[in-house]
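**Q** Listed below, chain by chain, are the residues.
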Amino acid sequence: MHGEYKTPGGKLVVVDLEVYTGRLTRVQVSGDFFLEPEEALDWINAALEGLPATSDEAEIAQTVRQATAHAEMIGFSPEAIAVAVKRALSS
Amino acid sequence: MRTNWHDYDWQLLRDGPLSPNLHMALDEVLTYEVGAGRRKPTVRIWEWGAPAVVIGRYQSVKNEVDPENLGRYGFEVVRRISGGGAMFIEPGNTITYSVYAPQELVAGMSFQESYALMDSWVLEALKTLGIKAWYQPINDITSEGGKIAGAAQTRRGGAVLHHVTMAYDIDAAKMVQVLRIGREKLSDKGQTSAQKRVDPLRSQTGLPRAAVIDRMIETFDDLYGLNRDELKPEELEAARNLAETKFSRKEWIYIIP
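Line order of the protein sequences matches chains V and E. Read in order, the letters of the first sequence are residues 9 to 99 in this note's numbering. Read in order, the letters of the second sequence are residues 57 to 313 in this note's numbering.
I should point out that these hints are in silico values taken from the structure, not numbers from a laboratory. Check before you lean on any hint, since a few could be wrong.
So, partial list: chain V residues that the calculated Cβ filter (under 7 Å) puts toward chain E [unchecked claim]: (1) V22; (2) E26; (3) S38; (4) G39; (5) F41; (6) F42; (7) L43; (8) E47; (9) L49; (10) I82; (11) G83.
Everything numeric in this text was worked out from a predicted model, so none of it was measured. Quick reminder that beta carbons are idealized off the backbone N, C-alpha and C, glycines included.
Sequences are here, hints too, so could you generate the full structure?
**A** As structure tokens, this is what we get:
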């Protein structure tokens, strides 16, 4: 499943994922955003892994926010990732 | 404490054509060398040895390129260490450069501010060529005629790497066949055609590519001073090694498939 969201005035966030027994799996966030340090992408993917597929945008964004407490996101946000996740889930 | 451009003895590297992988590796090596203080702050002008699509650190290969057209036109995919978007490269069609500076030059600045700072000399150079260009946050240089350049930054080992690709004479029809430029990406640009996104420097200056580069170098030299330098043999050796062990490997290029 594949979802994309272009942050207004910012960057594109892409989410590829699968759902297995009601939970997100094989989550891969990508895009033309900026993120420091580079390991933070793994933190985001790992945080989304296993999340209930019924999670709402606020819950997804909160999960990403916690995972990126020590990262710098430039041109995108936890909310942008949440929109892309929801779009993937409804694709 | 924040420093400024005048605090440094800037060096210029302007070599002949190199392979796309070696360029990726040189950016990593030189960033760490400047951060470690073994190399003075440096501006490097690139020459491409082969056609390439350069994708950002966080981009997925399959979302960015059309594999069939990539092969048909003889392009390779390389992945750089900085974030940002895909660049479409044919030798002689872009002006690509890197600035490697100690992180103190951008200390306390937001990413937005530091992008604009790192290219302020380029805006000045473009002005002397009659192009009224400005920085469009986060990472674009644009003019009334459209987008001219895209920049990317990353901070490693005490240094900031800022690299930029300017469109000199892009074959936009080929570009849209090789790159997948999604509708979602263009959704806030207010443009209907991907072709219109890249406005070549050639049409706006009427100058040969080398003349534009020469003016950029002159402008930097006038503003801050710039000394001609060469890559050290050990830097080139380290970069060749890294190109072989990292940048040419599938494990890196397809780190996000």
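**Q** List, from low to high, the hint numbers that the structure doesn't satisfy.
**A** Structure breaks hints 2 and 8.
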